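Could you build all of it, start to finish, from the sequences and the hints given here?
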Amino acid sequence: MRNQKSIFANIDNVTVILYVILVFIGWISIYAAVYNEEHQSIFDISERYGMQLLWIAAAFVIAIVILMFDGQFFPTFAYPIFVALLLTLIGVLLFGAEVKGSKSWFKIGSFALQPSEFGKFATALALAKYLSGFNIKMQDMKTKVIASIIIGIPAVLILLQNDTGSTLVYASFVFVLYREGLSGNILLLGLYTAFLFVISLLMRINDFTFFGTVLSGDQLLIIILALIAALVAYITKRAKRFWMIVVAAFVFSAGLIYSVDYIFENVLEPHQSKRINVLLGIESDPKGAGYNVNQSLIAIGSGGFAGKGFMEGTQTKFDFVPEQSTDFIFCTIGEEWGFLGSFVLICLYIGLFLRIIYLAERQRSIFSRIYGYAVASILFFHFLINIGMAIGLAPVIGIPLPFISYGGSSLWSFTILLFIFIKLDAERINVLR
Amino acid sequence: MNNLSDRKIVIAIIFLVVGFIFLIRLFNVQVINDKYKFDSDQNVLREVIQYPARGLIYDRNGVLLVYNEAAYDLMVIPRQVKEMDTLAFCELIGMKYEDFITKFNKAKNYSRYKPSVFEKEISSKSYAKIQEKLFEYPGFYAQTRTLRKYPRESAAHILGYIGEVDQNLIDKNPYYRSGDYIGKSGIELSYEELLRGKRGVKRVLVDVHNREKGSYLDGEMDTMAVTGKTIYLTIDAILQEYGEQLMQNKRGSIVAIEPATGEILALVSAPAYNPNLLVGRDVKKNYPVLSSDKLKPLFNRALMASYPPGSTFKTVQALIGMQDGVITENTGFPCIKSNVGCHDHPTATNVESSIKMSCNPYYFSVYRKILLQNKSTSLFKDSEIGLAKWSKQVKKFGLGVDLGTDLPAIKKGFIPDVAFYDKWYGKGRWAFSTIYSLSIGQGEIGVVPLQMANLSAILANRGYYYTPHVLKRIEKVDTIPSIFKIKHDVGIDKIYFNPIVEGMQKVVEEAGGTARRAKIDSIQVCGKTGTAQNPHGEDHSIFIAFAPKVNPKIAIAVYVENAGFGGTWAAPIASLMMEKYLTGAIKDTVKENRILDANLMDVIPKEGQ
Ligand SMILES: [Zn+2]
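Residue numbers (the numbering used here), protein chains in the order written: chain A, 1 to 433; chain B, 1 to 609.
Any given hint might turn out to be false.
Claimed, not checked - Below are the DSS-like pairs computed for lysine-lysine, each with C-alpha atoms no more than 25 Å apart in a straight line:
#1 A/137 / B/8
#2 B/82 / A/308
#3 B/412 / B/395
Worth flagging that the hints you see were computed from the coordinates, not collected in a lab. Since we're looking at a predicted model, the values are computed, not measured.
See the structure below:
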């Protein structure tokens with residue numbers, strides 16, 4: 001049945017080319033970010049661009065090795081891979097090394113590996129395997145629970161490593177669940193909750209006076225919601241059941257508003273609540289989290305329309321921007337290539353995401369389709385948070401920009417994630433329904 | 001929504017919308033909004049650190065002890081340096097051409113983009129001249145710093161000094177950055193966080209002519225420096241300086257405490273040094289000189305030198321004996337010189353006269369009764385039980401323990417305990433007869449002068465003390481740390497202090513007392529002499545005292561190294577200090593001049609060790 005042609009047969013060239021371009025952009029950005037006139041050899045592995053070059057080479061080897069696998073290997077071994085990953089995550093908790101407050105590294109000599117990076121593709125495989133199973137329907141409660149467990153276990157293990165950023169990435173699987181039939185209302189409910197959370201945070205710091213009565217921000221918000229609820233109920237004048245929903249929604253919202261205070265005062269650590277406050281503009285703190293974003297905005301903003309040119313960036317050079325080759329790598333691109341460069345980069349990413357969705361939809365195998373959506377969702381979430389953070393639209397959460405940020409673990413894990421899908425896609429014709 | 005394949009559209013739209021929002025935001029930040037723009041060819045953004053002025057330090061009466069003087073660090077960013085007349089520049093800043101090249105290369109090697117300090121701490125006077133021409137040299141700019149100044153040139157050991165923070169600490173404490181100053185000793189160290197204030201950062205735009213064009217974004221992103229807190233010390237500057245004068249040409253220390261509060265009034269360690277020597281870039285030059293000086297001027301004897309307390313310790317022995325009930329205030333012991341040596345004197349018939357005459361065999365007997373209370377039939381076991389209890393009781397006097405004062409680097413001294421002698425001689429192989437020299441404060445026992453002054457305060461208070469400290473008040477804060485307000489009871493009933501205090505008065509005021517030189521005509525002084533045996537040379541002279549007898553205002557301990565018997569040198573110094581503090585003037589100028597003129601520096605080792 002199988003045709004033993006070249007391992008490159010049927011692979012999607014568009015995806016591979018987009019991948020190679022992004023990796024290349026990453027390397028020259030790292031080069032520009034840490035370039036120093038005194039060390040000019042690009043192979044100097046004492047510098048980050050030298051190391052990244054090694055990692056890129058290794059990533060290409062990894063990609064080719066994945067293409068040499070039998071496509072059936074991945075669905076077959078999805079669970080064993082997942083279990084191996086969970087054991088590694090537990091192992092790193094017990095024996096791992098701590099870097100910048102996160103206990104998420106294995107150190108072998110000077111070489112460090114971050115297992116949590118590899119959790120993404122393993123979880124994607126396990127989720128795809130489970131959801132593609134016989135007679136599994138997203139609408140069933142049991143399906144929802146088991147899917148949540150598959151996503152939740154690695155997420156909790158990574159949270160225990162104190163790596164909040166990588167944990168949040170697991171939220172991106174909600175797109176996959178949605179595509180496979182999770183009610184859209186749940187997505188909307190999530191959005192509404194987030195919206196109400198932010199609004200009540202913004203209002204809670206103020207008091208309002210109406211006709212001599214002093215109302216706290218929370219009370220005012222609840223009164224407004226009550227008025228809206230009453231208005232909706234009056235205008236629609238619909239069935240009793242609808243009334244019930246309106247009342248339930250109102251009670252839920254009021255409870256949420258009051259719990260925000262509680263969470264803020266009692267659950268969150270002071271630095272966490274401070275970070276949220278800075279992000280919302282409630283508090284200004286130019287030396288803390290807000291400082292990094294300010295520096296990042298200065299660097300990106302100073303790039304202007306056409307940028308300062310390759311290696312001409314000054315803001316990133318002064319070390320004004322922290323983590324400039326990892327979490328804030330976008331600053332270098334924004335400063336040196338300007339709006340034009342940013343525009344091209346964002347188009348490349350969106351193009352890649354849409355291409356993956358397109359490929360996922362053409363799969364005959366449900367496993368491949370679900371895995372494809374998982375790939376797109378994970379990449380998209382990193383893109384959303386990383387660039388959003390650099391331009392002040394998302395909270396300061398340190399997660400890498402796929403294929404671009406400095407670091408072996410993240411580059412390899414994104415490469416594995418993507419190339420498993422490329423392989424699955426290449427063998428789609430061989431798959432019998 | 002029922003057709004699941006429609007959902008691919010929803011997801012694709014979400015991706016597109018996010019991409020679109022990012023592009024709008026980027027267009028706004030990079031193209032439309034001028035807020036983040038400054039022409040990179042014309043202007044550079046410079047991050048200037050605003051160093052806060054360190055807190056001022058005053059004495060208890062508001063006399064200024066430490067203030068700040070402005071100085072300037074000349075900074076360089078190598079990448080911004082253009083073709084320049086190097087020779088003219090060297091002349092301007094008064095630097096040799098070769099030094100210029102070395103320093104410039106060093107800065108370049110560190111980073112072309114980041115600022116380096118090119119020349120440190122240029123005085124305001126020299127800077128005025130440099131400032132006019134500095135704009136001709138792009139890449140160079142000045143950063144304001146402050147230097148400590150000590151107008152009274154005294155109290156160096158209390159105040160301590162500041163120096164550049166080392167890499168070790170930068171790694172540990174995120175506040176500090178390379179080039180920051182930090183307290184290295186004394187008050188500067190223990191109250192570092194109060195005194196340092198908070199660093200600020202100002203961003204300024206600088207044009208091609210090296211001129212500041214104002215603050216970036218109207219200072220929206222700047223942080224203000226917060227000045228350090230002013231603090232008031234418990235030290236009396238006049239008394240402190242007088243003590244330093246008296247101790248000139250002598251080795252030793254004076255510590256004076258206000259008994260009712262534990263406030264340290266003076267803390268002298270001699271030889272001292274001028275605190276202005278350890279300021280700014282002079283530290284590099286002067287520190288090695290001071291630290292290699294054979295007289296050890298940097299060594300704070302008042303806190304760090306541990307000596308045997310000698311006969312002053314008899315006060316503690318008598319108190320413990322009475323509290324244990326092994327003697328009463330009317331117990332007498334014969335002066336049996338075969339037990340331990342003594343001088344000729346009438347027999348001590350009670351505690352009071354034993355203190356007055358400082359009879360050694362009397363305390364040999366007292367200590368034997370304290371240690372051997374017949375708790376065991378074995379002499380060795382009995383000694384062990386006795387020593388364990390005694391050692392615990394002595395430590396309640398703040399001896400042999402960390403007093404917890406706010407001056408850093410204080411030593412604990414040493415009070416021998418059972419474990420020590422077990423290790424030294426072997427378990428069950430020592431008894432009272434082995435360790436009897438403790439009875440007169442000699443032997444393995446060690447006490448630092450501050451602890452001795454605290455002992456005077458305990459005697460003055462008749463049974464308690466407050467932890468000695470030097471912080472009186474923080475500007476705009478009313479309270480001092482609560483640990484300095486805790487009353488420490490030493491566990492001896494007040495009535496037992498009476499015979500001790502009476503005896504101490506007679507030491508000073510009655511014929512046959514050992515410290516007649518400590519007498520002050522207008523004030524009732526209580527004191528006790530001591531001599532610390534020194535195996536390396538002439539013995540050390542010790543005197544502890546307090547005055548007035550009723551409601552004491554000052555308690556003091558004086559150590560004069562290699563000066564022999566306590567009554568000769570330490571006692572008159574203590575009396576002069578107390579008179580100065582209590583009356584503001586000295587009546588007996590003969591006594592004063594004898595001390596001021598005395599040079600005891602040459603009386604060093606008698607055995608040439
Ligand atoms: Zn005698």
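Any hints this thing doesn't respect? Which numbers, in order? Those not satisfied: there are none.
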